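*Asks:* Numbered by my numbering, the letters in the sequence shown go through residues 1 to 82 in order.
Hints in this document: simulated from the structure, not taken from any laboratory. None of these values were measured; they are calculated from a predicted model. Among the hints, erroneous ones may be present.
With a straight-line Cα cutoff of 30 Å, these simulated BS3-like cross-link-like pairs (lysine-lysine) come out [claimed, not checked]: (1) Lys52 <-> Lys29; (2) Lys3 <-> Lys29; (3) Lys3 <-> Lys52; (4) Lys79 <-> Lys3; (5) Lys78 <-> Lys53; (6) Lys78 <-> Lys52; (7) Lys29 <-> Lys53; (8) Lys65 <-> Lys78; (9) Lys52 <-> Lys79; (10) Lys53 <-> Lys3; (11) Lys65 <-> Lys29; (12) Lys52 <-> Lys65; (13) Lys79 <-> Lys53; (14) Lys79 <-> Lys29.
Simulated restraints, written as ranges between beta carbons of each label pair [said to hold, decoys possible]: (15) Asp22 <-> Ser61: 27 to 33 Å; (16) Lys78 <-> Glu20: 30 to 36 Å; (17) Asp39 <-> Glu82: 19 to 25 Å.
Note that beta-carbon positions come from the ideal geometry of N, C-alpha and C, so glycine has one too.
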Amino acid sequence: MTKDELRAVILAEIENIAPEVDASSLDPKADIREALDFDSMDVMNLVIALHKKLRVDISDSDAIKLTTLGGAIDYLLKKLAE
(Lines of atoms letter the chains of each structure in order from A; the text may use other names.)
(Lines give C-alpha, C1' and ligand atoms only; values in the text may rest on other atoms or scores of the structure.)
Protein backbone atom coordinates (compact mmCIF):
# COMPACT_ATOMS: atom_id res chain seq x y z
CA MET A 1 0.00 0.00 0.00
CA THR A 2 1.33 3.42 -0.92
CA LYS A 3 1.36 6.46 1.32
CA ASP A 4 -1.40 8.08 -0.76
CA GLU A 5 -3.58 4.97 -0.61
CA LEU A 6 -3.14 4.76 3.14
CA ARG A 7 -3.94 8.46 3.50
CA ALA A 8 -7.17 7.89 1.56
CA VAL A 9 -8.12 4.96 3.82
CA ILE A 10 -7.51 6.98 6.99
CA LEU A 11 -9.45 9.98 5.68
CA ALA A 12 -12.34 7.73 4.63
CA GLU A 13 -12.51 6.21 8.10
CA ILE A 14 -12.42 9.67 9.69
CA GLU A 15 -15.33 10.72 7.48
CA ASN A 16 -17.23 7.55 8.44
CA ILE A 17 -16.90 8.54 12.08
CA ALA A 18 -17.63 12.22 11.55
CA PRO A 19 -19.39 12.75 8.21
CA GLU A 20 -19.78 16.46 8.92
CA VAL A 21 -16.02 17.13 8.75
CA ASP A 22 -13.93 17.80 5.66
CA ALA A 23 -11.07 15.44 6.39
CA SER A 24 -9.36 16.18 3.07
CA SER A 25 -8.22 19.55 4.40
CA LEU A 26 -6.66 18.02 7.51
CA ASP A 27 -3.09 19.21 8.07
CA PRO A 28 -0.84 16.11 8.38
CA LYS A 29 0.83 17.62 11.47
CA ALA A 30 -2.35 18.76 13.22
CA ASP A 31 -3.66 16.87 16.21
CA ILE A 32 -6.73 15.03 14.92
CA ARG A 33 -8.56 15.51 18.22
CA GLU A 34 -8.19 19.27 18.15
CA ALA A 35 -8.52 19.82 14.41
CA LEU A 36 -11.68 17.71 14.08
CA ASP A 37 -13.05 18.16 17.60
CA PHE A 38 -12.74 14.41 18.24
CA ASP A 39 -13.28 13.11 21.74
CA SER A 40 -11.64 9.99 23.15
CA MET A 41 -14.46 7.78 21.85
CA ASP A 42 -14.02 9.13 18.32
CA VAL A 43 -10.29 8.41 18.49
CA MET A 44 -10.94 4.90 19.78
CA ASN A 45 -13.45 4.31 16.98
CA LEU A 46 -10.83 5.44 14.47
CA VAL A 47 -8.23 3.05 15.90
CA ILE A 48 -10.74 0.18 15.81
CA ALA A 49 -11.84 1.04 12.26
CA LEU A 50 -8.24 1.13 11.02
CA HIS A 51 -7.51 -2.14 12.79
CA LYS A 52 -10.45 -3.82 11.06
CA LYS A 53 -9.87 -2.23 7.65
CA LEU A 54 -6.12 -2.82 7.49
CA ARG A 55 -5.92 -5.93 9.69
CA VAL A 56 -3.15 -4.33 11.72
CA ASP A 57 -2.83 -4.78 15.46
CA ILE A 58 -2.58 -1.40 17.16
CA SER A 59 -1.66 -1.65 20.82
CA ASP A 60 -3.04 0.80 23.35
CA SER A 61 0.44 2.20 23.87
CA ASP A 62 0.88 2.73 20.11
CA ALA A 63 -2.48 4.48 19.66
CA ILE A 64 -0.77 7.76 20.60
CA LYS A 65 1.11 7.51 17.29
CA LEU A 66 -2.20 7.98 15.50
CA THR A 67 -2.88 11.45 16.89
CA THR A 68 -1.85 13.16 13.65
CA LEU A 69 -2.55 12.14 10.06
CA GLY A 70 1.17 12.11 9.27
CA GLY A 71 1.96 10.04 12.36
CA ALA A 72 -0.82 7.59 11.55
CA ILE A 73 0.43 7.16 7.99
CA ASP A 74 4.04 6.59 9.09
CA TYR A 75 3.04 4.17 11.86
CA LEU A 76 0.62 2.16 9.72
CA LEU A 77 3.00 1.94 6.76
CA LYS A 78 5.59 0.45 9.12
CA LYS A 79 3.06 -1.99 10.59
CA LEU A 80 1.84 -3.07 7.14
CA ALA A 81 5.42 -3.75 6.05
CA GLU A 82 6.02 -6.12 8.99
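*Asks:* Take the hints in turn and mark each one as holding or not.
*Replies:* Results for each hint:
1. Lys52 <-> Lys29: holds (24 Å)
2. Lys3 <-> Lys29: holds (15 Å)
3. Lys3 <-> Lys52: Between lysine 3 and lysine 52 the Cα gap is close to 18 Å, so the pair holds against 30 Å.
4. Lys79 <-> Lys3: Distance ~13 Å between lysine 79 and lysine 3 Cα, so the pair holds.
5. Lys78 <-> Lys53: Holds, because 16 Å separates the two Cα atoms, which is no more than 30 Å.
6. Lys78 <-> Lys52: Holds, because 17 Å separates the two Cα atoms, which is no more than 30 Å.
7. Lys29 <-> Lys53: holds (23 Å)
8. Lys65 <-> Lys78: holds (12 Å)
9. Lys52 <-> Lys79: Given that 30 Å is the threshold and the Cα spacing comes to 14 Å, the pair holds.
10. Lys53 <-> Lys3: Answer holds: lysine 53 to lysine 3 is near 16 Å, not above 30 Å.
11. Lys65 <-> Lys29: Since the Cα atoms of lysine 65 and lysine 29 sit roughly 12 Å apart, the hinted pair holds (cutoff 30 Å).
12. Lys52 <-> Lys65: Within the cut-off at roughly 17 Å; holds.
13. Lys79 <-> Lys53: Measuring from Cα to Cα gives roughly 13 Å; hence the hint holds.
14. Lys79 <-> Lys29: Holds, at about 20 Å.
15. Asp22 <-> Ser61: 27 to 33 Å: Hint holds: Cβ distance 31 Å, inside 27 to 33 Å.
16. Lys78 <-> Glu20: 30 to 36 Å: holds (31 Å)
17. Asp39 <-> Glu82: 19 to 25 Å: violated (30 Å)
In this structure, the one hint that does not hold is number 17.
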